[in-house]
Amino acid sequence: MISVYHYMTVAAILFAMGTYGVLTRKNAIVIFMCIELMLNSVNLTFIALSRHLNNMDGQIFVFFVMAVAAAEAAVGLALMISFYRNRESIDVEEIDLLKW
Amino acid sequence: MYNYLWLIPIMPLIGCIINGLLGKKFIRSEKAIGAIATIAVFLPFLLSVKYFFQLLGDPVKTHQQVIMSWMSVGDLQIDWGFLFDPLTALMLLVVTGVGSLIHLYSIGYMHGDPGYYRFFSYLNLFVFAMLMLVMGNNAMVMFIGWEGVGLCSYLLIGFYIDKKSAGDAAKKAFVVNRVGDFGFLIGVFLVFWTLGSEHGIWTLNFVDLAEHGHLLGFGGTIVTAATLCFFLGATGKSAQIPLYTWLPDAMEGPTPVSALIHAATMVTAGVYMIGRMNVLFAMSPTTMMTVAIIGAATAIFAASIGFAQNDIKRVLAYSTVSQLGYMFMAMGVGAFTAGIFHLMTHAFFKACLFLGSGSVIHAMHHALHKAHLHDDPQDMRNMGGLRKKMPITFITFAVSCVAIAGVPGLSAFFSKDEILWYTFASTRGAWYIWAIGLVAAGMTAFYMFRCLYMTFYGKEKTDPKAKDHIHESPLVITIPLMVLGLLAVIGGYVGVPAVLGGANHIHHFLEPVFGHAQEAYNIGIKEALYHNYAVEYFMIALSIAMAFLGIAAATVMYLMKPELPAAFTRTFSTLHRVVFNKWYVDELYDAIVVNPVKSFGTFCWKAFDVKVVDGIVNGVGKLTNLFSAGLRYTQTGLFHNYALAMVLGMVVMVAIFVLR
Chain A
121 MISVYHYMTV AAILFAMGTY GVLTRKNAIV IFMCIELMLN SVNLTFIALS
171 RHLNNMDGQI FVFFVMAVAA AEAAVGLALM ISFYRNRESI DVEEIDLLKW
Chain B
306 MYNYLWLIPI MPLIGCIING LLGKKFIRSE KAIGAIATIA VFLPFLLSVK
356 YFFQLLGDPV KTHQQVIMSW MSVGDLQIDW GFLFDPLTAL MLLVVTGVGS
406 LIHLYSIGYM HGDPGYYRFF SYLNLFVFAM LMLVMGNNAM VMFIGWEGVG
456 LCSYLLIGFY IDKKSAGDAA KKAFVVNRVG DFGFLIGVFL VFWTLGSEHG
506 IWTLNFVDLA EHGHLLGFGG TIVTAATLCF FLGATGKSAQ IPLYTWLPDA
556 MEGPTPVSAL IHAATMVTAG VYMIGRMNVL FAMSPTTMMT VAIIGAATAI
606 FAASIGFAQN DIKRVLAYST VSQLGYMFMA MGVGAFTAGI FHLMTHAFFK
656 ACLFLGSGSV IHAMHHALHK AHLHDDPQDM RNMGGLRKKM PITFITFAVS
706 CVAIAGVPGL SAFFSKDEIL WYTFASTRGA WYIWAIGLVA AGMTAFYMFR
756 CLYMTFYGKE KTDPKAKDHI HESPLVITIP LMVLGLLAVI GGYVGVPAVL
806 GGANHIHHFL EPVFGHAQEA YNIGIKEALY HNYAVEYFMI ALSIAMAFLG
856 IAAATVMYLM KPELPAAFTR TFSTLHRVVF NKWYVDELYD AIVVNPVKSF
906 GTFCWKAFDV KVVDGIVNGV GKLTNLFSAG LRYTQTGLFH NYALAMVLGM
956 VVMVAIFVLR
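Note that the protein sequences, when read in sequence, are chains A and B.
121 is the number of the first residue of the first sequence in this note's numbering; add one for each residue after it.
306 is the number of the first residue of the second sequence in this note's numbering; add one for each residue after it.
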């Protein structure tokens with residue numbers, strides 16, 4: 121029997137993988153995909169707990185997250201394209217102008 | 306009955322607005338500007354004359370007209386209201402009558418000045434403020450006028466904006482007047498509060514104050530304090546010791562201004578104010594005595610300075626201070642009518658003297674200008690022998706000189722004699738005040754004839770190159786001179802005393818204003834002297850003798866033996882120097898008031914403002930800078946550092962949540 125704990129565990133593992141990717145990778149697209157991974161782990165938690173608690177709020181929330189993630193992906197990709205046009209690279213290590 | 310009273314102050318205000326807004330760009334023509342301004346004062350004069358005669362035949366002597374409510378806060382109710390009674394009627398005639406003559410004169414005197422429109426705009430504004438002052442039916446409307454005339458005085462003294470001395474004089478006049486205004490306000494508050502909180506009568510209305518003033522109690526502390534505060538206000542506005550120093554400096558303004566503001570109208574505001582509040586003053590013998598003594602001291606002190614001045618306008622300025630001293634003497638001994646009477650005659654002969662001096666200065670200025678000389682056109686040592694060149698100016702000036710000296714039959718003889726008689730005979734009078742007044746009368750005769758002789762008689766001391774360019778002024782200047790000269794002769798006949806077989810009309814006319822207080826507080830002629838014509842005749846003879854003594858002394862010194870003054874100056878060189886330098890009063894004030902205030906200001910600026918205030922403000926900035934100098938290196942600009950910080954923060958928060 122797969123209980124809510126299993127779902128939670130999978131979500132935690134997914135979240136940790138996403139976080140690790142965000143902190144270590146240099147390619148902006150990959151970082152972006154890692155953030156999606158983190159978002160999806162959260163979505164998974166929402167749905168599992170929604171089912172567990174017999175409360176539909178969590179599932180509705182997931183729709184919001186997905187909609188916002190789609191919008192965010194559009195804006196993020198546009199940013200990256202315009203950055204690539206200027207620098208011919210999407211390496212985040214090179215984006216460091218906004219500092220002291 | 307008196308429905309159009311409000312038109313009297315409004316018309317000059319309209320004239321001021323028209324000339325002030327449109328004069329420079331749209332009207333431009335000097336004739337049009339001058340005509341608008343003069344008519345804006347002349348129409349109120351006609352209206353005042355009409356109402357004056359209406360009042361003469363009216364059994365009710367006090368009329369009030371409320372235009373609208375000004376402010377109404379709790380028990381405080383102040384209206385835009387006008388009062389019309391014999392005192393106001395007389396002041397209206399003086400202000401608008403002499404005012405319109407001086408406006409007419411200014412058309413000629415200011416000809417060609419780049420600030421022509423500005424001058425007439427200010428002049429009309431002044432007349433408006435002065436009319437508010439004398440017509441207000443409560444202390445606050447009067448205060449509007451009181452401050453308004455102060456402002457206009459400032460604007461007009463500093464009219465020649467490119468002259469530093471004029472600006473300084475204007476500032477001095479304004480600042481000195483502030484001291485007086487402060488006293489006036491405190492006095493108003495004191496009376497208002499005491500009558501309100503102790504007797505439930507919350508009022509600033511003059512009619513109500515006169516009616517309920519007795520509640521304050523005869524000789525009470527409050528009434529004495531309040532009236533002393535009022536008197537402080539009067540010393541500022543009317544140039545009495547200790548606040549007289551601004552008036553001689555005010556001569557920096559154009560001469561018509563000196564005639565209108567600093568001789569005929571504004572400086573008499575203090576006298577008028579005491580007259581308006583006569584009930585309160587009558588209740589405080591202490592204040593009355595102070596007023597009389599200060600008046601007498603000012604009269605003789607200013608007259609002594611007049612001895613040694615060489616600037617024709619300064620002589621007249623000190624003479625004005627001295628004559629105002631006479632008016633305060635009269636007010637102080639309870640001879641309110643005599644004070645107002647002298648105010649009126651003084652307005653005539655002093656305005657005439659000032660305008661006459663203006664005519665001389667005007668002629669001198671043009672002559673020196675044509676000869677390309679830079680001599681001072683106001684210095685009497687550059688004049689002399691002008692009587693043949695400027696006959697009309699000479700005759701009117703001489704007539705006014707004779708009048709002010711107190712020669713029998715002319716206006717000041719009646720008014721000044723009445724004051725001297727009351728200082729001696731009034732129940733509030735004293736022999737020493739009379740004695741000072743008598744000596745000052747002789748001194749007045751002396752320095753006025755000195756001025757007359759130096760200007761119009763003797764050798765022509767003007768530079769030969771300029772001499773032939775001196776001409777009589779145009780008609781627009783000489784007509785006001787002739788009218789005022791005539792008034793200086795006949796103005797006194799409204800108050801011929803009973804002892805000389807007159808009816809003393811002005812006494813009966815002003816009776817409704819002053820009679821009540823004089824009766825209630827036993828102010829009048831001492832019983833022993835009542836109808837004692839022998840003493841009165843003797844007094845009159847004495848003052849006539851004094852006047853002729855002064856004239857004779859001046860004639861000997863300045864006409865017959867012109868070398869005498871120089872010899873006198875050499876013999877008493879120290880005395881002459883002290884008097885010439887105005888007893889060093891300005892220097893004294895500089896030392897004890899002006900300089901300490903200035904150094905306190907410098908201290909506040911350099912020590913307090915720069916070090917403390919600026920130090921705190923700059924210190925906050927510097928401190929922020931110091932902190933940020935270290936902290937800003939945490940902003941690396943690298944994406945991973947920020948992400949790591951966020952993750953660490955999240956871990957910490959979760960840890961706190963879990964381990965709690």
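Simulated from the structure, these hints should not be mistaken for laboratory data.
Take these hints with a grain of salt, some might be off.
Per label pair, the in silico range of CB-to-CB distance [what the hints assert, rightly or not]: (1) A:N175 - B:G924: 52 to 60 Å; (2) B:L936 - A:V195: 27 to 35 Å; (3) A:S202 - B:Y947: 37 to 45 Å; (4) A:M153 - B:G954: 37 to 45 Å; (5) B:Y947 - A:I149: 25 to 33 Å; (6) A:I149 - B:G924: 46 to 54 Å; (7) A:N175 - B:G954: 43 to 51 Å; (8) B:H945 - A:V195: 37 to 45 Å; (9) B:T939 - A:V195: 45 to 53 Å; (10) A:M153 - B:Y947: 15 to 23 Å; (11) B:G942 - A:V195: 16 to 24 Å.
In the SDA-like style, the derived pairs of lysine to any residue whose C-alpha atoms are separated by at most 25 Å in a straight line are [what the hints assert, rightly or not]: (12) A:K146 - B:A950; (13) A:K146 - B:T941; (14) A:K219 - B:K927; (15) A:K219 - B:D891; (16) B:K476 - B:D891; (17) A:K146 - B:M955; (18) A:K146 - B:G954; (19) A:K219 - B:G926; (20) A:K146 - B:M951; (21) A:K219 - B:T929; (22) A:K146 - B:A948; (23) A:K219 - B:F944; (24) A:K219 - B:K476; (25) B:K693 - B:M787; (26) A:K219 - B:T941; (27) A:K219 - B:K693; (28) A:K146 - B:V956; (29) A:K219 - B:V918; (30) A:K219 - B:Y947.
Computed from a prediction, not measured in an experiment: that's the story for all the values here.
Quick reminder that beta carbons are idealized off the backbone N, C-alpha and C, glycines included.
Hint by hint, here is what the structure shows:
no., hint, result
1, A:N175 - B:G924: 52 to 60 Å, "holds (57 Å)"
2, B:L936 - A:V195: 27 to 35 Å, "holds (31 Å)"
3, A:S202 - B:Y947: 37 to 45 Å, "violated (21 Å)"
4, A:M153 - B:G954: 37 to 45 Å, "violated (23 Å)"
5, B:Y947 - A:I149: 25 to 33 Å, "violated (19 Å)"
6, A:I149 - B:G924: 46 to 54 Å, "holds (50 Å)"
7, A:N175 - B:G954: 43 to 51 Å, "violated (29 Å)"
8, B:H945 - A:V195: 37 to 45 Å, "violated (21 Å)"
9, B:T939 - A:V195: 45 to 53 Å, "violated (27 Å)"
10, A:M153 - B:Y947: 15 to 23 Å, "holds (19 Å)"
11, B:G942 - A:V195: 16 to 24 Å, "holds (21 Å)"
12, A:K146 - B:A950, "holds (17 Å)"
13, A:K146 - B:T941, "holds (16 Å)"
14, A:K219 - B:K927, "holds (21 Å)"
15, A:K219 - B:D891, "violated (66 Å)"
16, B:K476 - B:D891, "holds (15 Å)"
17, A:K146 - B:M955, "holds (22 Å)"
18, A:K146 - B:G954, "holds (22 Å)"
19, A:K219 - B:G926, "holds (21 Å)"
20, A:K146 - B:M951, "holds (17 Å)"
21, A:K219 - B:T929, "holds (18 Å)"
22, A:K146 - B:A948, "holds (12 Å)"
23, A:K219 - B:F944, "holds (11 Å)"
24, A:K219 - B:K476, "violated (57 Å)"
25, B:K693 - B:M787, "holds (17 Å)"
26, A:K219 - B:T941, "holds (5 Å)"
27, A:K219 - B:K693, "violated (92 Å)"
28, A:K146 - B:V956, "holds (23 Å)"
29, A:K219 - B:V918, "violated (34 Å)"
30, A:K219 - B:Y947, "holds (12 Å)"
Comparing the model with each numbered hint stated earlier shows that hints 3, 4, 5, 7, 8, 9, 15, 24, 27 and 29 do not hold.
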